[in-house]
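Participant: For reference, the chains in residue letters:
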Amino acid sequence: MNLSNLFRIAWRALNKNKMRAFLTMLGIIIGVASVIAMLAIGEGSKRSIEKQISEMGANMIMIMPYDNKAVGGVRMSASNVQTLKIKDCEDIRNKAQYVKDVSPYVSSSGQFIYQNNNYPASISGVAPSYLEIRQLKIKSGHMFTDSDVKRYNKVCVIGKTIADNLFTKGENPVGKIIRFNSIPFQVIGVLESKGYNSMGMDQDEIVLAPYTAVQKRILAIDYLHGIFCSAESEDLAPKAVESITQILANNHNIGNPDDYDFEIRSQEELSEMLTSTSDMMTILLACVAGISLLVGGIGIMNIMYVSVTERIKEIGLRMSVGAREKDILMQFLIESILISITGGLIGVIFGFFSSYGVKFFAGWPVFIEPWSVALSFVVCSAIGIFFGWYPARKAAGLDPIEALRYE
Amino acid sequence: MTVHSCQNRLQDVETVVDQDKKRTMEKRKIIELTNIKRNFEVGTEIVHALKGISFSIEEGQFVTIMGKSGSGKSTLLNILGCLDTPTSGTYLLDGSLVQSMNKDQRARVRNRKIGFVFQNYNLLPNTTAIENVELPLMYNPEVSTSERQKKAIEALKVVELGDRLYHKSNQMSGGQMQRVAIARALVNNPAVILADEATGNLDTRTSYSILKLFQELHREGKTIVFVTHNNEIASFSERNIVLRDGKIISDTYNQTILSAAEALERLPKEENEEEEVI
Ligand SMILES: Nc1ncnc2c1ncn2[C@@H]1O[C@H](COP(=O)(O)OP(=O)(O)OP(=O)(O)O)[C@@H](O)[C@H]1O
Ligand SMILES: [Mg+2]
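Protein sequences, first through last, are from chains A and B. Under the numbering used here, think of the first position of the first sequence as 1, with each following residue one higher. Under the numbering used here, think of the first position of the second sequence as 1001, with each following residue one higher.
Any given hint could turn out to be false.
Straight-line distance between alpha carbons at most 27 angstroms, and here's what the computed DSSO-like set of lysine-lysine pairs gives [claimed, not checked]: (1) A/K16 / B/K1027; (2) B/K1212 / A/K16; (3) B/K1068 / A/K16; (4) A/K326 / B/K1151; (5) B/K1103 / A/K18; (6) A/K216 / A/K18; (7) A/K313 / B/K1103; (8) A/K326 / B/K1027.
Calculated from the model, a selection of chain B residues having no Cβ within reach of chain A, i.e. all distances over 10 angstroms [said to hold, decoys possible]: (9) G1043; (10) N1078; (11) P1136; (12) N1188; (13) E1238.
Coverage of chain A stretches by chain B, computed from C-beta distances (three or more under 8 angstroms per stretch; other residues unrestricted) [stated by the list, open to error]: (14) 317 to 325; (15) 357 to 367; (16) 396 to 407.
Source of the hints: derived by calculation from the structure; they are not laboratory data. All C-beta atoms in this analysis are idealised placements derived from N, C-alpha and C, irrespective of residue type, glycine included.
All chains, full assembly: derive it from the sequences and hints.
Facilitator: Written out as structure tokens, the structure is:
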């Protein structure tokens, strides 16, 4: 028996029952499409998190004050905890191992004004090394220097969003004076745009000024809201964190880790945490999609079963004109494989459409991995064979005379 | 001259020689049954459907097998058609021993040497006449697609359905469906055509026209075994085998064979007008 004839036979049989074939296919279409879309969403969010983290600086370490004395579950906001001082920052810079750059951090939110334009945002007081730590680049003008820091100079570097909103007439911001809560700052540089991150935060809504200026001229405080450091490399981040912890514990005279009044987060931890959540989400989504694929497969089995019972007489006839068991088996197997492969192909197309639909309408990042397409395709062909086998076996095992007599 | 046409010439010569042989020598035996028994186990009981049947059918014979319901006609025909195997006895079909064949070999024999016609036509539902007729050839890899179509059209022309090639089975009358079924039985040029109550579902007029077709096929040299319980039909064939209780009770040759064409003529006039519709 040549295969092309068997294909023709199976094809004709399917054609006789287009509606049934289509409904059977629907299960597979939905299954494959959802597997592809779910994996695309999972992979997309994972990738965007990874990208965002590496953009933020993969070896970044954040030190935040931590209020361990709060009772009754009420915790003061971190900015009111006054435990981090500039001395801590200097000690880290001088003594900590594996640490490359260190920058103090203070911030205040308010209104920026230039001529008739105003824009609400916060100003971050940092050291020049902050650029290096956060992987930021100057597009025009220049960054403020250590001497600006020493002199409490009221200069700043602004992000694209701020520049666009304050300088609406297309003026060059560099050299202009803007006001933050009526305190004048001179713009000396504009940062390169970084766009939105995966959480939808605008990374260009940023204003950097010498931390001394923000501390003394805006906030009138002498403590820090945080310290940003970078490890010498991503791998060395845990060791750097260890070293920093010792220095701070020593400076603050705290022996018991439970009593630490600071909190250190390395980007590595953060990235592990975020990617593991997104991995878990991917697995969960894939499971749901996989179940729908399985249901589709059972649908095929069900329909093939009904189709065998419905066509017992036809099978008897085919045997009487010379079809061998093998031929009948192959016919039904090919039918179910045709259903699942056609369904699979349509499912792949639908998967692409729905993935990009999600991207377009919901704005979620998606990424279709070639292997996810290959996987769902292979799985659905396997389902076709697996679930088609049993009914096909049943059809092939029929006794020709009894099949012919069947009413 | 090509080798191919040379072979054709040779074959022509051979068939001439064959026909000469036929005229001079005793005819070749297509079917030879010796002491065929068929038992069915029903629960603890054993039903003896065939209790030792022996006969042979020569090439080109038109035989009817008759008998009351339950006498074993269908059981016998199924054995002849290699759909069933006897419990004991030997069956030679066209010179080969059927018992020694496995399932696949029997399927091959059904495909190449046997044409079945059933009482209830057994056409594929919702399928065109030509596709139905092509069916046996679909299971024969030696026949190419174009050959298959050609043969199917030829067979449909033989049964006078040359103008209904693409009519679907559910758009046809009983007589037409049976003609399609006969075309399907003819298409593989079988050694023997087996019909089980082929006119059982049809009215008198249509029955006669189907019988006429069988008689024409017989005249062209086809071997036909026709099962019926209608005595009248038996008189259109050349030989009658009568079964009772799984045994042959008589095996006679008809002295006068009636013509189905004439019987059709003799039917009342008013019905005659419908003949076109058949
Ligand atoms: N598969 C089977 N299992 C058990 N008994 C069977 C089977 N097939 C046939 N028989 C028995 O064998 C006997 C002969 O049956 P068969 O069908 O050959 O009769 P028949 O001559 O064709 O009758 P009819 O004219 O009604 O078609 C009957 O007694 C029947 O009950
Ligand atoms: Mg019968």
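Participant: A separate judgement is required for each hint: does it hold in the structure or not?
Facilitator: To see whether the hints hold, each was checked on the structure:
A hinted pair counts as satisfied when its Cα atoms are at most 27 angstroms apart, and A/K16 with B/K1027 does not qualify at roughly 46 angstroms. A C-alpha spacing of about 34 angstroms is found between B/K1212 and A/K16, which places the hinted pair above 27 angstroms, so the restraint is violated. For a cut-off of 27 angstroms, the pair hint linking B/K1068 to A/K16 is broken: about 39 angstroms separates their Cα positions. This hinted pair checks out: A/K326 and B/K1151 have alpha carbons roughly 25 angstroms apart, not beyond 27 angstroms.
Our distance criterion of 27 angstroms between C-alpha atoms is broken by B/K1103 and A/K18, whose separation comes to about 33 angstroms. The suggested pairing of A/K216 with A/K18 is violated, with an alpha-carbon distance near 79 angstroms, which exceeds 27 angstroms. A hinted pair counts as satisfied when its Cα atoms are at most 27 angstroms apart, and A/K313 with B/K1103 qualifies at roughly 19 angstroms. With a CA separation close to 37 angstroms, the supplied pair A/K326 and B/K1027 exceeds the 27 angstroms bound.
The claim that B/G1043 is not at the interface with chain A holds, since no C-beta of that chain comes within 10 angstroms of its own (minimum 17 angstroms). The non-interface label for B/N1078 is inconsistent with chain A: the shortest C-beta to C-beta separation is roughly 6 angstroms, within 10 angstroms. At the 10 angstroms boundary, the C-beta of B/P1136 falls inside the reach of chain A, the nearest C-beta of that chain being 4 angstroms off. Residue placement check: B/N1188 does not keep its beta carbon more than 10 angstroms from all beta carbons of chain A (closest about 8 angstroms).
The non-interface label for B/E1238 is consistent with chain A: the shortest C-beta to C-beta separation is roughly 26 angstroms, beyond 10 angstroms. By the rule of at least three residues with a Cβ nearer than 8 angstroms to a Cβ of chain B, the coverage given for the region 317 to 325 of chain A holds, with 9 such residues. Counting residues of the region 357 to 367 of chain A whose CB falls under 8 angstroms from any CB of chain B gives 0; the rule of at least 3 is not met. Evaluation of the coverage hint for the region 396 to 407 of chain A: fulfilled, as 3 residues show C-beta separations to chain B shorter than 8 angstroms, against a requirement of three.
In summary, the numbered hints that this structure violates are 1, 2, 3, 5, 6, 8, 10, 11, 12, 15.
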